[in-house]
Amino acid sequence: MKQKLKWASILAAALLFLAGCGRGDVTSQSTGWDQLIYWFGDIIQFLSINGRIGIGIILFTLLIRTLLLPLFQMQMTSSRKMQELQPQIKALQAKYPATDLESRKQLAEETRALQQENGVNMWASMLPILIQMPILIALFQSLTRVPELRVGQFLWLNLGETDPYFILPILAAGFTFLSMWLSNKAALEKNMALTVMTYAMPVMIFIFALNAASGVALYWVVSNAFQVFQTLLFNNPFKIIAERQAVLDAEKEREARIRRAKKKARKNR
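All residue numbers for the sequence shown refer to my numbering, where the first residue is 160 and numbers rise by one.
Any given hint could be a false lead.
[Said to hold, decoys possible] Lysine-lysine pairs mimicking DSS-like chemistry, simulated, CA-CA at most 30 angstroms apart:
1) K421 to K411
2) K240 to K344
3) K411 to K398
4) K264 to K254
5) K422 to K411
6) K411 to K264
7) K240 to K264
8) K249 to K264
9) K254 to K421
10) K344 to K411
11) K249 to K411
12) K240 to K411
13) K254 to K344
14) K422 to K398
15) K249 to K421
Derived by calculation from the structure, the hints in this document are not laboratory data.
The task is simple: from the sequences and hints, build the whole structure.
Written as structure tokens, this is what we have:
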């Protein structure tokens, strides 16, 4: 869970940092990283029905997020396995308090063995994030550095200016909160730092979207709304909690049957 908080913080910091860097426009003559940004801008324009850049932003954001779904699923599966192992890891930490070099070594070895035995790889939850980051960053920068994407109207929005009615910043913050809340709902243990981040991140996104061009804010709304959808679809916390409760109920029922059988056996003696 600490790793999850760490990487969520890094991703948020990276994306927010981008608001103040890489402001130079990209063109068809750009090379390297800037060329990738320009290609993303080209695709958005291609997807813009009747020249409506807002629709292109929505469709391309959905396309990118859909293509990244396998990585998301890998990340969520690994994170869930790590959560399920937390009670056993805590037991190992109690057994080896890591007060000296030898106990730290034993703790590390037994933790590794436990993770391998259960098919858990800590990097499996980090690698998808590292792969996703440059793609999402390129998409983000295409909205700010491709001149053609900073013009045009969409609904009540002028895509190159801030939202005059604050609707997009509110939606972006709301979906960010809902996404993080859902992701943490099924956690076996509550982490205060993670709880703080659940409330702090939407505030950061709101402030960012409040001062960003509407095209960028629109991206944040669509991206975070999609995140909510994929969490409910692939890592539904309510389903996970129900499954855990079913296992606990089954175990209690099994223990109750054993007690009844023992009691009956004593009576028949």
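Restraint status (C-alpha distance of K254 to K344 at most 30 angstroms): Holds, at roughly 29 angstroms.
Does the alpha-carbon distance linking K249 and K411 stay inside the 30 angstroms limit? holds (23 angstroms)
Has the given pair, K344 with K411, been kept, meaning a C-alpha gap of at most 30 angstroms? holds (24 angstroms)
Is the straight-line distance between the alpha-carbon of K254 and that of K421 30 angstroms or less? At roughly 34 angstroms apart (the allowed maximum being 30 angstroms), K421 and K254 break the hint.
K422 paired with K411 [C-alpha distance capped at 30 angstroms]: holds (16 angstroms)
Is K240 within 30 angstroms of K344, Cα to Cα? holds (15 angstroms)
Going straight from one Cα to the other, do K240 and K264 come out at no more than 30 angstroms? Holds, at roughly 23 angstroms.
Going straight from one Cα to the other, do K422 and K398 come out at no more than 30 angstroms? The given pair, whose Cα atoms are some 36 angstroms apart, is violated under the 30 angstroms limit.
K249 paired with K421 [C-alpha distance capped at 30 angstroms]: violated (33 angstroms)
Would you check the hint for K249 and K264, treating anything up to 30 angstroms between C-alpha atoms as holding? Distance of about 16 angstroms is within 30 angstroms: holds.
With the threshold set at 30 angstroms, check whether the alpha-carbon distance from K411 to K398 stays at or below it. It holds: about 20 angstroms lies between the C-alpha atoms, which stays within 30 angstroms.
K411 and K264: Cα distance at most 30 angstroms? Measuring from Cα to Cα gives roughly 37 angstroms; hence the hint is violated.
Comparing the model with each numbered hint stated earlier shows that hints 6, 9, 14 and 15 do not hold.
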